[in-house]
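Enquirer: The lines below spell out each chain.
2 protein chains.
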Amino acid sequence: VKRVLVPLAPGFEEIEAVTIIDVLRRAGIEVTVAGTSPSPLQGSRGIRVVADLSLDQVDQADFDMIAIPGGSQGVENLKKHPQLLALLGEFTARSKYIGAICAAPSLLSEAGLLCGKQVTSHPSVKAQVAKTALYSDERVVVDGKIVTSRGPGTAMEFALKLVELLMGKEKVAELKEALVSP
Amino acid sequence: VKRVLVPLAPGFEEIEAVTIIDVLRRAGIEVTVAGTSPSPLQGSRGIRVVADLSLDQVDQADFDMIAIPGGSQGVENLKKHPQLLALLGEFTARSKYIGAICAAPSLLSEAGLLCGKQVTSHPSVKAQVAKTALYSDERVVVDGKIVTSRGPGTAMEFALKLVELLMGKEKVAELKEALVSP
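From first to last, the protein sequence lines stand for chains L and E.
Here our numbering = 1-based position in the first sequence + 87.
Here our numbering = 1-based position in the second sequence + 87.
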């Protein structure tokens, strides 16, 4: 079984977080939602979601991938969390997948993980991300183990790309039919 | 200010519920999430969401539209809720918008609200819905005050159509840019 970690901080973008969790679970992937603060955590549009556990309890050894939702305030809150930066270092060192959508690529950028990489992000953080990365306007970009995407409107394509990387294209085709996704 | 009611029952489809709530709130619409049981309510893929209030406390006079997410178990649970059926009758009598996505059009069908109407739904409930309605395979269908759609993969288009009906096309264009929606 593949396992994916989704970190959640107050101000997370709800469509992005929920689309990642829902689509990956539909694919048979074990998704753990780890919160930076006590549950429920409130998203950028006031939706309150209960996390499975605290981010402080997470061991990187339990996961094949981390997928980080956006929401500018949520990403700012994640940047302040020392455990998350340590986890990103461990995921990188062990060559595990790191996914980031919307404002979240700016977190990877500040952590020094995007140097010379092909990436995309929400247009609002493009200038920051483009400083060290090779910026693309594609809706989903994969470069090695780094997977990036742009916003709530690309969340479904992003989640399906994560499924493809972990489970293959056949699983994606099967999911698309049930989701009524183009 | 426009006001929209989103009823939530255990087993709701998370992408559909959250996309409706998030996109409508981005448009400046007041969205009330009303649960059939104590919060948090668990969705079809195990995501737990906190409702704003109980469906029993809802007064139809406070709303311009009801938008019902799918999830087959969630919709079955909504069908058992007497208050929801009463609300649908009142929304119909007062010619207010009724939106339903995925399995939720089957609820409208059983309530007798789709007779001779152009509608769509998730393919899995097509046979049931098509008994009395004029079935379409379009991704979003509007017929008078009834707005229907197909699944998680059409949730963004559905939510944007609801925004268009309440707030106009300019608001939709503005949202699409921020959402990075095609």
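Derived by calculation from the structure, the hints in this document are not laboratory data.
Fair warning: there could be bad hints in the mix.
Remember, identical chains collapse to one label, so a pair may be satisfied in a single copy or spanning two.
With a straight-line cut-off of 30 angstroms between C-alpha atoms, the simulated DSS-like cross-links for lysine-lysine are [said to hold, decoys possible]: (1) K263 <-> K166; (2) K167 <-> K258; (3) K218 <-> K263; (4) K218 <-> K256; (5) K204 <-> K258.
These numbers come from a predicted model, not from an experiment.
Enquirer: Any of the earlier hints contradicted here, and which numbers?
Expert: 2, 4
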